[in-house]
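Protein sequence lines correspond, in order, to chains W and X. So that you can map any letter, position 60 of the first sequence is 60 in this note's numbering, and since no number is skipped, the others follow by simple counting. So that you can map any letter, position 83 of the second sequence is 83 in this note's numbering, and since no number is skipped, the others follow by simple counting.
It is worth saying that the hints were derived from the structure and are not from the lab. Treat the hints with caution; some may be incorrect.
Simulated restraints, written as ranges between beta carbons of each label pair [what the hints assert, rightly or not]:
no., chain 1, residue 1, chain 2, residue 2, range
1, W, GLY169, X, ARG156, 39 to 45 Å
2, X, GLU185, W, GLN4, 56 to 62 Å
3, X, ARG140, W, ALA141, 32 to 38 Å
4, W, GLU163, X, GLU185, 29 to 35 Å
5, W, ALA141, X, THR93, 47 to 53 Å
6, W, GLY169, X, GLY25, 50 to 56 Å
7, W, LYS137, X, LYS66, 35 to 41 Å
8, W, PRO172, X, ILE136, 42 to 48 Å
9, W, PRO138, X, LYS45, 22 to 28 Å
10, X, ARG85, W, PRO69, 37 to 43 Å
11, W, SER34, X, ALA150, 33 to 39 Å
12, X, LYS148, W, GLU163, 49 to 55 Å
13, X, ILE161, W, ARG6, 55 to 61 Å
14, X, GLY25, W, PRO138, 42 to 48 Å
Derived DSBU-like pairs (lysine-lysine); straight-line CA-CA distance at most 30 Å [what the hints assert, rightly or not]:
no., chain 1, residue 1, chain 2, residue 2
15, W, LYS130, X, LYS137
16, W, LYS66, W, LYS130
17, W, LYS148, W, LYS130
18, X, LYS45, X, LYS66
19, W, LYS148, W, LYS66
20, X, LYS66, X, LYS148
21, W, LYS137, X, LYS84
22, W, LYS45, W, LYS148
23, X, LYS130, X, LYS66
24, W, LYS148, W, LYS137
25, X, LYS137, X, LYS148
26, X, LYS137, W, LYS148
27, X, LYS66, W, LYS84
28, W, LYS66, X, LYS137
29, X, LYS84, X, LYS45
30, W, LYS66, W, LYS5
31, X, LYS45, X, LYS5
32, X, LYS137, X, LYS84
33, X, LYS45, X, LYS148
34, W, LYS84, W, LYS130
35, X, LYS45, W, LYS148
36, W, LYS84, W, LYS137
37, X, LYS130, W, LYS130
38, X, LYS66, W, LYS137
39, W, LYS84, W, LYS148
40, X, LYS84, X, LYS148
Ideal placement from N, C-alpha and C gives every residue a C-beta, glycine not left out.
Protein chains: 2
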Amino acid sequence: MKLQKRERQARLSSLLEENPLLTDGDLAEHFGVSVQTIRLDRMEKGIPELRERLKDVAVRSLDDVKSLPIDEVIGDIIDIELDKRAVSVFDVTRDHVFQRNGIARGHHLFAQANSLAVAVIDDELALTAKSSLNFIKPVRAGERVVAKAAVRPGERPRRTIVEVISTVGDEPVFTGTFEMYRTHESGKEGQS
Amino acid sequence: MKLQKRERQARLSSLLEENPLLTDGDLAEHFGVSVQTIRLDRMEKGIPELRERLKDVAVRSLDDVKSLPIDEVIGDIIDIELDKRAVSVFDVTRDHVFQRNGIARGHHLFAQANSLAVAVIDDELALTAKSSLNFIKPVRAGERVVAKAAVRPGERPRRTIVEVISTVGDEPVFTGTFEMYRTHESGKEGQS
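The whole structure should be built from the sequences, with the hints applied where relevant.
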C-alpha cells in the first residue's frame, strides 16, 4: 500500500538521515514509487542528490584521519571514528575494469579496503602486515562500492585487526581482514 | 681476489644469461669491482643495459598471455609459461609510495602479484576468488620488485592456486597466495 505523499516525504527524510548512501533507486524501491517521484520528493524537501550528500559527509570526516593525507585514500571516506569504524564509497568506472569482461579489477577493491584500513588507525604510522581477501561477486562499471571497516585489537603488541566488508546495494562483493602494524598501542589513556 | 678482466667478462656474460635481472650494482658487488668497470665490461662484450635487456625478454613473452591484454598487467612480464610459472618486474617510483613515509603502498605490490596470477592462467577467463597476503618488508621508491609466480592445482574444480613471491634484490618483500577461478580445467589433454 502506497503512503500518502506527506507521510512518504517524512519517512524519506528520516531514512536518509540514518543512511545518506541510499540512491533514488533504492528509495523508489523502498516506497514502491517511481524514481521520478523520489526526485520530486527530494526537491520539495530540499534534500540534495546523493553525490552532493556524499561530498557533505566526506568533507566533515576529513579532519579526523591521522595516518595518511586524505587524498591518498582510495574512495571517499564518508564516516570515520578512529580505531573504531569507517565507511568509504568508491564509484567503479570503465577505468577500473578488465577490458575483456567488464569486471572490476581486484586491486581496486583491495585498494579501497586497504586504504580505509590504514585511515581508520589512530596513529601517525599504520602499515599493512597481513591480509586475507575474498572476492565474492564481480563488480561492474557504474556500480558504487560501499566499504565498511570495523576495528578490533590484534593478538600481538602494536597490531590491530581491521575487518572490511564491501557491498554493492545490499550484496557483499568483497571482504578483507587486515592485520595492521602501528607505532603506538591503541586505546591507551592519555594518548594524544 | 679479483679476477682477470677476461675471466670476469666471461663469467659476467654467463651470469646474465642465467639471470638477466641483475643490475650493474649487483654485478659490481659480485665481482668486487666498481659499477663503472661493469659498464665498461658490458660495452666491450656488447651487452645492453638492464632496461634494454628487460624490454627484450618482455617482448618475447607477450604473445603467450591469454587471460588479459598485456597492457593490463601491472609490471613487465619477463618470463611466462602458462599454467606453470611467470616472472614480472615492477619499478617503484615516487608515485607508488605514501607521501609521509616513502613506503610503497600495499595495493601496488598486490596489483603486480595479482595481475601476474591472472596472466599465468591458461584460460580466457581468470578471476581471483580468494587471496592471502604477507607484507614482509617495506619497499621504497627506486627499488625494483621482481615477482615470481608458481602454479599448482586447486582443491575444487576450475580452481587454480598461484603462489607469488616478490623480492627486492635477494630479500622477499611480499608473498601472496591467490585462489583463481577459471572457466576450463587446467592440464587437460587436447585442450587448445
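Is 32 to 38 Å right for how far apart the beta carbons of ARG140(X) and ALA141(W) are?
holds (34 Å)
Between GLY169(W) and GLY25(X), does the C-beta distance stay in 50 to 56 Å?
holds (52 Å)
Has the given pair, LYS137(X) with LYS84(X), been kept, meaning a C-alpha gap of at most 30 Å?
Holds. LYS137(X) to LYS84(X) sits at ~27 Å (cutoff 30 Å).
LYS45(X) and LYS148(X): Cα distance at most 30 Å?
holds (29 Å)
Next pair to validate is LYS66(X) with LYS137(W); report whether the Cα-Cα distance is within 30 Å.
At roughly 22 Å apart (the allowed maximum being 30 Å), LYS137(W) and LYS66(X) satisfy the hint.
So does ALA141(W) sit 47 to 53 Å from THR93(X), Cβ to Cβ?
The hinted range 47 to 53 Å is violated for ALA141(W) and THR93(X), with Cβ atoms some 27 Å apart.
Pair hint outcome, LYS66(W) versus LYS5(W) [Cα-Cα no greater than 30 Å]
violated (44 Å)
With the threshold set at 30 Å, check whether the alpha-carbon distance from LYS66(W) to LYS130(W) stays at or below it.
holds (21 Å)
Going straight from one Cα to the other, do LYS148(W) and LYS130(W) come out at no more than 30 Å?
Holds: LYS148(W) and LYS130(W) sit about 18 Å apart, inside 30 Å.
Distance restraint hint 35 to 41 Å, applied to the beta-carbon atoms of LYS137(W) and LYS66(X):
Roughly 24 Å apart at Cβ, these two residues miss the hinted range, so it is violated.
Given the proposed pairing of LYS148(W) with LYS137(W), does the C-alpha separation stay at or below 30 Å?
holds (17 Å)
Hinted pair, alpha-carbon criterion (30 Å max): LYS84(W), LYS148(W). Please report holds or violated.
holds (11 Å)
When each numbered hint is compared with the structure, violations occur for hints 1, 5, 7, 8, 9, 11, 12, 18, 27, 29, 30 and 35.
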